[in-house]
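Assemble the dimeric complex from its two separately framed chains, guided by the hints.
Chains R and D, in that order, are what the protein sequence lines are. Number 377 in the working numbering belongs to position 377 of the first sequence; there are no gaps in the numbering. Number 1188 in the working numbering belongs to position 188 of the second sequence; there are no gaps in the numbering.
Be aware that a few hints might be false.
As a list, the in silico SDA-like pairs of lysine to any residue whose alpha-carbon atoms are at most 25 Å apart [as the list claims (entries may be wrong)]: (1) Lys-95(R) - Lys-1029(D); (2) Lys-1029(D) - Leu-422(R); (3) Lys-45(R) - Ile-1169(D); (4) Lys-159(R) - Lys-1029(D); (5) Lys-537(R) - Asn-1189(D); (6) Lys-159(R) - Ala-1159(D); (7) Lys-1200(D) - Tyr-86(R); (8) Lys-1200(D) - Arg-88(R); (9) Lys-216(R) - Thr-178(R); (10) Lys-1029(D) - Thr-178(R); (11) Lys-253(R) - Asp-238(R); (12) Lys-399(R) - Ser-1040(D); (13) Lys-1029(D) - Ala-335(R).
Source of the hints: derived by calculation from the structure; they are not laboratory data.
Spelled out from the first residue to the last, the chains are:
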Amino acid sequence: MSPTTKPALEVTPDDGAQQAAPSRPRRVLPAGRRGPESWKGTLAKIILLGLVDAVAVYILTALFLSQSWAVLAIAALVTLGINWIYLRPGGLPAKYLAPGVLFLLVFQVFVVVFSGYIAFTNYGDGHNGSKEDAISSILTSSQKRVPDSPAYRTSVLEKGGSYYLLVTNPDGEAQLGTTESKLEDAPDAVKDSTGKAKELAGYRTLNFQEIVANQKDVLGLVVPLSDDPAAGTLRTQDGSNAYVFRSNMVYDKAADTLTDTDTGTVYRDSGEGDFVSDTGEKLATGWKIDVGFKNFVTAFTDPELRGPLLSVTLWTFTFAVVSVFLCFALGLFLAITFNRSDLKGKKIYRIIMILPYAFPAFLSGLVWSGLLNPEFGFINNALLGGAGIAWLTDPVLAKISVLVVNLWLGFPYMFLVCTGALQSLPEDVDEAAKMDGASPWRIFQSIKLPLLLVSVAPLLISSFAFNFNNFNVIYMLTAGGPRFEDTTRDIGATDILITLVYKSAFGVGTGRDYGLASALAIVIFIIVAAISAISFKQTKALEDVN
Amino acid sequence: MSSVATEPLAAEPLAAEPRRSFQRWFREKGWRHVVGVLTSIFAVFPLLYVLSAAFNPTGTLAGSASLFSQVSWDNFAKLFSNEQRPFGRWFVNTMVIGLITSAASVLLGALAAYAFSRMRFTGRRVGLLSLLLLQMFPQLLAVVAIFLLLSGIGEIIPALGLGSQLGLIMVYLGGALGVNTYLMYGFFNTVPQSLDEAAKLDGASHVQIFFGIILRLVTPILAVVGLLTFIGISSEFVIASVVLTDPNSQTLAVGLYSFVANQRTEDWGVFAAGAVLAAIPVMALFLFLQRYIVSGLSAGSVKG
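If we strip away everything but chain D, and leave its shape as in the complex, we get (with noise of 0.2 Å):
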């Protein structure tokens, strides 16, 4: 591009120095703040849109012309009143569901990974790319035999069934070791193997090499899993709409989802009042932690 450029640019000496310059500026940075400003009204519209309806009395989708005429909470004081949808009561589920999934599968991620990593045995590399294919497969393809499995689980052990939060965190847990292993297999390839021998030479179990010295240096890779799972959960929709059938036990996406479904028009208000507070906490946590995820991104998929 620059080499055809420059020729005219260097064939017309006598051009104005300010304009030349500018023209010099545009193609060497400008139309890149252009390019920025217009994918940023691209990403940011629909966000503004949902922040000015969730402050709009008017409460319809036909609501408003324009953005922020009118600010009020109004549609925040309904949304946690409504007794049918218990708004409060899906957030903190969602909050516990999320967070004890992302917890635990932490943990069943790193206990495989480090056996992946560190040990030797038969069926290891067999196991590895097993879960490299488990991978292509996400859970929601099996969701009504997931429903099957626990409507009967349900049966015996009611606490475990169909309807229950700890039955759907167990489900989760199934596609842990699919998702998180092999990410966090190559970042525990990447602590050298001296650290354990070292420490197994001072006596340490394998129990203290992994809890004490392993654990404490993927801690970037585990932040990382913890908040991409803690995520997913939380805008998990299939599996936890078949699963969750009382609204006190729902979660914030079946909830919200309840919201726009039958009368998409007419709720519209409110449900843009509980979709920004649903946003917030992921946003935050993912903007604050953003640095952690894109290294996390770049180390399990590019894997240098």
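This is chain R alone, in the form it adopts within the complex (with noise of 0.2 Å):
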């Protein structure tokens, strides 16, 4: 950090110049040398981001056609500013930067930013949209056959891969619409003998077993009778006959509210993005609000999550500093077996002890989950014939067998690392001691140990920054089991942290609150930031950059 402490080979300030005068040894040269290399350069160059504007324009095509604006304005500025920083002379650092920065800027900071901006809402299943969606989506899906609905006698259409619904409608004229265009007449439609509309230009009909064989998208169209969602919808069962469909639920603009026909139940805004009846009935579609602090007043005070959450927090600090030390235990303990330059067979066994770090992360906890099932796996059945003893679904258990898996997959690269820095070690600092006659143990523990900690310390660090979120391990050995047994969350004894955020956000079987997971996932991002923080403070590597 203090200059007087930078070596003095580091890069000396006056590179810096080379913004400031970029010229000045280029103009002493011939100038027929850079002609063409320049000529090139500047052609890749305009060739390149020729390409970027092309794929820009579409991009803000699509934005214009799709009307958002917001994003529409800021896509432009990037775009000005990417030519900006390619045009223009010099800004040299800008040119190699920018690329990079740009999808650290959109993937990594945005969407941490976005994070903490959906951890202040209620975004998640049954609340996806604005409340004019949801209120069009509760008038839709509550739809019934109206029971005295003429029938529309129909035909199915298919054009470009979607689906169209002719129908003749009661008067005996034809009408085409599909799920997303309302009904409209058409009269060029060709008819049968019995005057049923069955053919139209530039649309292929369906015969029955094609109507049999995609029957799901035929089951699902839904065409609008008219602008109005209060008209209904047309729906076939059998791709021969349609039927009106009405919503039970009528909306009242004024008053807000919703009101179902048939009981007679009024649903009002709750505040909360809900309709609710006055008996606290909720209709299953909401919309997404800001909700302040609820998420994590919810994590830390809704006793179903409270005390699973807290124990989750714990047993993930205890799985990373417990899996820190031991690879970083076993790791150095082989490295200074192996540290020998006599050893025979030194270069098998170190192969065959990194093979765990080279299979891939995410088999090796399913691998270990067959290996520990209670019962049918190998160890179990054939190494203790048949003890039936639960590896993974006893709480204590499953916690040892994470820890003793996560020891098999980061052992190996522990031991490179220690291997590596215990060769950089001063030769004499090992001599010295050795003629002062102090005793191996004595030499590893004062001296070596030491100076190999300042070295791999930052290592460790990131070591543990990863551990706390190795989903991988985790997720495919135990999937966060055995569940806990005080709460009907899908929390369990071995789930940490960013388990639980991948849970609640895309867990099966319980819906998805993305608001509740991104609370989460900030909860993690502070803790990570407060312990980095520290870390780095205490071990000074900041000060390698100058």
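Put into structure tokens, the structure is as follows:
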């Protein structure tokens, strides 16, 4: 950090003058020498920038068509910025940094900020879009067949991979429509002898077998009768007759209420992104609103979540610390054991010991989950003669299993790193200590270990940070199980925070809760940030950056 | 240890000669072999087990009581004939996504490392520090936001949205600078500045210096970063599982997980066969380029 401690061979300040006076050394050269290269360079630059701009124009057009004005403005600014960076003379660092930084900003920095935003919403299953979307979705999904609906004789048509209903209305007129576009008159339709509209130019009529084969898509067709959702829709159940379906819900715009016409129940906006009846009955579809700190409050106060979350947090720390310690201890021990040039078979041991590290990590968890399976696993059945030890289903044993598997995965890395670090230790200190009569253990304890720790400390920290979020080994081995008994949520004894985030957001069985998942992710963020800030200060790793 | 241990040895000089030399051999080297053999068994046993399961025609987890009791190619045949779980496609997808991502990551990282190592500009120190800190926050923390961002992008540009491999690659590239630049920066600094100066005097442009001189001299670190990225991406599960929903576009990590996720025991043999095939390229790469990787590990981390 301080200039006096920097070795002299480091980059001297005058290379910064490169930007200030870039052309001075070049001016003395014969002009012809630089000609072709610079011509080629310019051409390459124009082609590359042209490609980027072509893509940008495509994206900008798409944004314009979808009327996303804010994003369009940002994208246009970014495009202009890129062109400015590469077309202006000078500003060399920006030219080299721009591509990586662009991706970094969008997919690493922005998504973090976005997580922060989601954490303060109720985003998730049932709360996906705007209130208007929710209302129209409720109106569509609560539709029932109108009891006295006339039959619309129907043909199913296909064009460009999507399906259409060609119906003959009770008045004998042909009409065409599909889910996205309402029913319109189709006077050009060809009718068969019974007067049923059968074909239409530009479309292909499906035969019975094709209708059966694409049953799901055909039954999924919901054709609005008009622009007013209250008018109802046409649906078919057999591909030959369609009936009018109408919602039994009515939305009253002025009162902002939904009324069920069958039962007379009135649903009101609860202020939490849901419609709720007076008796507390909630409609399944809600909408996204900002909920402030509710997700964080839920995480720390909800009895279903508070206890398990505390255990998960503790276990996350335990898992990360113990994993790093075990891997480092075994790796260092092995590095010392094999750090002898005259040991036979050293290379073979080394290759065999690297194998677990070379094996893809996600597979390791899955393979071990088979090995340790309590009922059928190889370890219980073959090695222990049908012992039936609950390696993965007993909370304590499951934790031990996770640690052992992670040791298997992680010790080769520490072995490699410690071997490297040991070999780079200065020999003369060792010699001097020996001369002074220090025992090998003493040399190790007082000289080698401190020197080693200095060089591997940053590594231990990043290893800790990695294990803190070591999703693969946990999820593939136990999927967080065995589950806690004091909660209905899918949380288990070996869950760490990141698997909890994943399961809250994308878990099967339980509803997706993006808001809560993001809130948990933000908690992880704060923890990791605090730890790395403290530890980097301790190791002064930052001093390397001048 | 030896100062204590040598004394009793010296005290009984009449001990049998061969026995004593065995003891000494054991104390000096023999125990190292014991440790080596034990660790090797620990390291290699799960791998032998999965290999044996892949060749075991029984195909279920309960399969057999001893390794390699039966050997057949049944599981491999089943693996490639399953249309719902197209292993071949997964393999190709993983290779394509892994190769493109690692090549692009190397390029982006090298460009940035060159700027940080060779140029002085405002924000350089802050930039380097931010990258160092960003390493601490893996992308998977923001997986929910990534999912929602891609689903938003997909509504406007379907080719980059959810379910798109290109979209996934872009997401991965967002992590390229954070992970790689610092590692490369250290290595770039070891290439003497005088080379650049000399080339500059000869009239080389900055682009020529970068591609013609620097990149050639830092090939080892490029190989390391490319390799580590490839290995990392081919094991990446969280983001890939969220983005790639169609079985035909999935990667090995997502696909093979689906083999075991639902019926952990029944498809075990087929899964094991898939696991063996999926692991072979990565392990081969790793073992062949071991020297590079180890040098990279100690260059980037131990930073001599």
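Checked hints:
| no. | hint | verdict |
| --- | --- | --- |
| 1 | Lys-95(R) - Lys-1029(D) | 57 Å, violated |
| 2 | Lys-1029(D) - Leu-422(R) | 18 Å, holds |
| 3 | Lys-45(R) - Ile-1169(D) | 24 Å, holds |
| 4 | Lys-159(R) - Lys-1029(D) | 78 Å, violated |
| 5 | Lys-537(R) - Asn-1189(D) | 24 Å, holds |
| 6 | Lys-159(R) - Ala-1159(D) | 22 Å, holds |
| 7 | Lys-1200(D) - Tyr-86(R) | 21 Å, holds |
| 8 | Lys-1200(D) - Arg-88(R) | 21 Å, holds |
| 9 | Lys-216(R) - Thr-178(R) | 14 Å, holds |
| 10 | Lys-1029(D) - Thr-178(R) | 81 Å, violated |
| 11 | Lys-253(R) - Asp-238(R) | 36 Å, violated |
| 12 | Lys-399(R) - Ser-1040(D) | 24 Å, holds |
| 13 | Lys-1029(D) - Ala-335(R) | 14 Å, holds |
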